[in-house]
Amino acid sequence: MLKQMEGSRAVAEAVALCRPEVICAYPISPQTHIVEALGEMVKDGSLAPCEFINVESEFAAMSVAVGASAAGARSYTATASQGLLYMAEAVFNASGLGLPIVMTVANRAIGAPINIWNDHSDALAMRDAGWIQLFAENNQEALDLHIQAFRLGEELSLPVMVCMDGFILTHAFERVDMPTQAQVDAYLPCYEPRQVLDPGEPVSIGAMVGPEAFMEVRYLAHARQMEALKLIPAYAAEFKAVFGRDSGGLCHSYRTEDAETIVVAMGSVLGTIKDVIDEMREAGHKIGVLGITLFRPFPVEGVRAGLLGAKRVVVLEKSMAVGLGGILSTNVRMALSGLHMHGYTVIAGLGGRAITRKSLLGLFLKAEKDELDHVTFLDLDWVMVNKQLEREKAHRRSGPVAENLLRDVGVVAARNY
Amino acid sequence: MSFQPIKFYQTGTFTVGNRLLPPEQRSVQASGKRFNSINSGHRACQGCGEALGARYAIDAAMEATDGRLVAANATGCLEVFSTPYPETSWQIPWIHSLFGNAAAVATGIAAALKVKGQAQTRVVAQGGDGGTTDIGFGCLSGMFERNDDVLYICYDNGGYMNTGVQRSSATPPAARTATTPAVGAAPGNVFGQGKFVPAIALAHDIPYVATATVADLRDLEAKVRRAMEIRGARYIHILVPCPLGWGTQSNETIKMARLAKETGIFPVFEAEHGEIKAVLPIRHQLPVEEYLKPQKRYAHLFGKQPQVEVIARLQALADRNIKRYGLLGQG
Ligand SMILES: Cc1ncc(C[n+]2csc(CCOP(=O)(O)OP(=O)(O)O)c2C)c(N)n1
Ligand code: SF4
Ligand SMILES: [Mg+2]
Chain P
1 MLKQMEGSRA
11 VAEAVALCRP
21 EVICAYPISP
31 QTHIVEALGE
41 MVKDGSLAPC
51 EFINVESEFA
61 AMSVAVGASA
71 AGARSYTATA
81 SQGLLYMAEA
91 VFNASGLGLP
101 IVMTVANRAI
111 GAPINIWNDH
121 SDALAMRDAG
131 WIQLFAENNQ
141 EALDLHIQAF
151 RLGEELSLPV
161 MVCMDGFILT
171 HAFERVDMPT
181 QAQVDAYLPC
191 YEPRQVLDPG
201 EPVSIGAMVG
211 PEAFMEVRYL
221 AHARQMEALK
231 LIPAYAAEFK
241 AVFGRDSGGL
251 CHSYRTEDAE
261 TIVVAMGSVL
271 GTIKDVIDEM
281 REAGHKIGVL
291 GITLFRPFPV
301 EGVRAGLLGA
311 KRVVVLEKSM
321 AVGLGGILST
331 NVRMALSGLH
341 MHGYTVIAGL
351 GGRAITRKSL
361 LGLFLKAEKD
371 ELDHVTFLDL
381 DWVMVNKQLE
391 REKAHRRSGP
401 VAENLLRDVG
411 VVAARNY
Chain B
1 MSFQPIKFYQ
11 TGTFTVGNRL
21 LPPEQRSVQA
31 SGKRFNSINS
41 GHRACQGCGE
51 ALGARYAIDA
61 AMEATDGRLV
71 AANATGCLEV
81 FSTPYPETSW
91 QIPWIHSLFG
101 NAAAVATGIA
111 AALKVKGQAQ
121 TRVVAQGGDG
131 GTTDIGFGCL
141 SGMFERNDDV
151 LYICYDNGGY
161 MNTGVQRSSA
171 TPPAARTATT
181 PAVGAAPGNV
191 FGQGKFVPAI
201 ALAHDIPYVA
211 TATVADLRDL
221 EAKVRRAMEI
231 RGARYIHILV
241 PCPLGWGTQS
251 NETIKMARLA
261 KETGIFPVFE
271 AEHGEIKAVL
281 PIRHQLPVEE
291 YLKPQKRYAH
301 LFGKQPQVEV
311 IARLQALADR
321 NIKRYGLLGQ
331 G
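Going line by line, the protein sequences match chains P and B. With my numbering, letter number 30 in the first sequence gets 30, and the count goes up by one each step, no holes. With my numbering, letter number 258 in the second sequence gets 258, and the count goes up by one each step, no holes.
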């Protein structure tokens, strides 16, 4: 059914349709609306049977989910940013134990300086935690990916992170097609765990493993992720058969036929990029974009195939490998090994910095002429940066960096959020 | 089994001779049908109080739940010595996740069992003092505060034993550990620090809080049994001497636990909804030296020049316990 609703609400309703049995909640923006909505559904009885637990930290949220999942319950939680880092130890543990927990990450920057706005630093900091990581382009896809996530995670006994841009998607009101319970039930079978804590058949889970088998255990985790590369397109196809629309998959090309320049990106910025590409195509530019839906496992072959004909690749990412450049771009490089093409890394939109069509157009035009630096920080205010650098050179005690910059910017940034 | 009624007699320990009791009153451990929840073959040190405490507690919980029990375990000696895979000592469904989250994992298990209509299966969480009073304290307090249906058992050996005997917030003052060495002007652990988590558990007003030692098997079993009669958050804190960390003989474990209780160093009590209901009274009050002397972790107090002042401070702590909890029976 078509409905106009907030992204968070859409995700909450989709999660509810998946019949989760244990939900753990801890507040952090911009994820909070999702668990608030689910909490209400459990309390008013519309989502039952389900236990909704207000925990004391994200570390506890993931730990409760670990216990619930190990005892055979379909388990869900949501977080962002500091919350994801706070639960990090348990995030690795959930995948190590092979527990198919589904978690929404409403992508948000990581402090310091503390910042509630969107970028991808949080989810990408957990890129090697052993979770499947899916990135939604819009609210419809966010909704759909959650339904696929439970199916995928439970089939493979792996946890799945569904990433959606904080505020840009979570707080945006958009029209979505909300599936019916019958559709979701037809697509998503009951959770049949491979291992379960059951007095009838006692097992010990979580034993210490030494050098004699640790490598093999880790390899099997890798092999299982590789299996996801095959399952995801199959599940996306099945999804289309039941729900009547394309959603999910590994990665998607847009207007890349005969393209000399291909942009690579993840998440909601793909919408803006596509608008710019439409505009440039009309003006005769040979440019397209490859949107990456699945970040872990990284679809190396899909990305390579999607970029093969290009002369240059511009990876635009909302994340940063400090001291190196980009995170997404290093992953894309892996897919391009042996190929000779120009590769550019563009860091954009950190901490919610707007990525405008105008800036993108300027950037892509420059890229086409191979005038870009290897690593570019889009719309960086060099005056501000240089002023601080000078300050630091002049005085050892030049003060806290973030506060200095805010003082330079003036009152615009001094609002209360 | 034929049963010959004989008059009770009291052993020097004031425990009633088990074999003289009618079968239904005998301890779970004395029964041939005990569950052996932690089976033989584990890798604990000889005389490990933690292995003993866990065996007593979990067997009693198994008895009380008719074998329907799931355990979540924190990282620590108990976890490491019980699961040298491919061998495992556990005869019950058991999970180890992390060092600091046993209480939360147990909450998740209890929630899953409830939602699946299997609430007759009960959940215990267990951890050492480090995993309970320090790194796992947030999760523990959260579980208490929500009154989740979990029995949490802390095996307190007064330090981080698994990593080589470092100080925890349950390490007693003056005790030598690897991070509170017996050097300098005030050798051993500092006075005026640390916390007694049973008292903090009481402050959560949870349905049941108890302390116990491995010296009183019957008392420990009764407390586990009582805890399993109750729904909601429950906490049992068991003093479990560690021969390795304390520097005691492996045949002295039970004696050390008894001395801790008889000197007032470790108060043994039982509480419901924040109110203390009963204490295990001191029978023969002993000076703290009796408890301290056999332990190498206090050896620096008994050198050529005994540290009488430090010993007096420890005696004062024991006296405070005796007064606070009414351990001499005059309540
Ligand atoms: C997050 C984390 N920090 C530290 C450790 C290292 N560690 C493992 S067991 C342990 C000591 C456990 O002490 P305690 O909980 O008192 O149990 P005991 O071994 O004394 O029974 C420590 C420090 C760990 N495994 N995880
Ligand atoms: S170090 Fe102490 S607690 Fe650990 S196994 Fe040995 S005796 Fe038991
Ligand atoms: Mg300990």
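Read the hints as simulated data drawn from the structure, not as lab findings. There's no promise every hint is true.
The calculated lysine to aspartate or glutamate pairs, modelled on EDC-like cross-linking and capped at a C-alpha distance of 20 Å, are [claimed, not checked]:
hint, chain 1, residue 1, chain 2, residue 2
1, P, K274, P, E260
2, B, K255, B, E309
3, P, K240, P, E192
4, B, K116, P, E192
5, P, K358, P, D370
6, B, K195, B, E252
7, B, K116, P, D198
8, P, K393, P, E403
9, B, K116, P, E371
10, P, K311, P, E301
11, B, K116, P, E403
12, B, K293, B, D319
Which residues of chain P face chain B? A partial, calculated answer using Cβ under 7 Å [to be verified]:
hint, residue
13, V22
14, P49
15, E56
16, A68
17, E89
18, N93
19, L188
20, Q195
21, D198
22, P202
23, A207
24, P211
Predicted, not measured: the structure shown is a model, and the values here were computed from it. Here a beta-carbon is modelled for each residue, glycine too, at the ideal position from N, C-alpha and C.
Structure-based check of each hint:
1. A distance of roughly 16 Å separates the Cα atoms of P:K274 and P:E260; the hinted pair therefore holds under the 20 Å criterion.
2. Distance restraint check for B:K255 and B:E309: the Cα-Cα separation of roughly 25 Å exceeds the 20 Å cut-off, and the hinted pair is therefore not satisfied.
3. Distance hint between P:K240 and P:E192 is unfulfilled; the C-alpha atoms sit about 24 Å from each other, more than 20 Å.
4. Simply put, B:K116 and P:E192 have alpha-carbon atoms about 13 Å apart, close enough for the 20 Å limit, and the pair holds.
5. For the proposed pair P:K358 and P:D370, the alpha carbon gap of about 19 Å is at most 20 Å, so the pair holds.
6. Restraint check for B:K195 and B:E252: the C-alpha separation of about 26 Å exceeds 20 Å, so the hint is violated.
7. For a cut-off of 20 Å, the pair hint linking B:K116 to P:D198 stands: about 12 Å separates their Cα positions.
8. Pair hint P:K393 plus P:E403 holds up; C-alpha atoms about 17 Å apart against a cutoff of 20 Å.
9. Only pairs whose Cα atoms come within 20 Å are accepted, and B:K116 paired with P:E371 is rejected, the gap being roughly 61 Å.
10. Of the pairs offered as hints, the one joining P:K311 and P:E301 holds, with about 18 Å between alpha carbons and a cut-off of 20 Å not exceeded.
11. Taking the CA atoms of B:K116 and P:E403, the gap is near 52 Å; set against the 20 Å cutoff, the hint is violated.
12. At most 20 Å may separate the alpha-carbon atoms for a hinted pair to count; B:K293 and B:D319 meet this at roughly 18 Å.
13. Of the supplied interface hints, the one on P:V22 holds, with its beta-carbon coming within about 5 Å of a beta-carbon of chain B, less than 7 Å.
14. Because the smallest distance between the Cβ of P:P49 and any Cβ of chain B comes to about 5 Å, under 7 Å, the interface hint for this residue holds.
15. Hint on P:E56 holds. Least Cβ distance to chain B is approximately 3 Å, under the 7 Å limit.
16. Taking 7 Å as the C-beta contact cut-off toward chain B, the hint placing P:A68 at the interface holds, the least distance being around 4 Å.
17. The criterion of a C-beta within 7 Å of any C-beta in chain B is met by P:E89, whose closest approach is roughly 6 Å, and the hint holds.
18. Taking 7 Å as the C-beta contact cut-off toward chain B, the hint placing P:N93 at the interface holds, the least distance being around 5 Å.
19. Contact between P:L188 and chain B, as hinted, is not supported at the beta carbon level, the nearest pair being about 17 Å apart and thus beyond 7 Å.
20. The closest approach between the C-beta of P:Q195 and any C-beta of chain B is roughly 10 Å, which is over the 7 Å cut-off, so the hint fails.
21. Residue-level restraint check for P:D198 holds (minimum Cβ-Cβ distance to chain B is 6 Å; threshold 7 Å).
22. Interface hint at P:P202: satisfied, since its Cβ lies 4 Å from the closest Cβ of chain B, which is below the 7 Å cut-off.
23. Annotation: interface hint on P:A207 holds; nearest CB of chain B at approximately 4 Å, less than 7 Å.
24. The closest approach between the C-beta of P:P211 and any C-beta of chain B is roughly 13 Å, which is over the 7 Å cut-off, so the hint fails.
Hints 2, 3, 6, 9, 11, 19, 20 and 24 from the list above are not met by this structure, while the remaining hints are.
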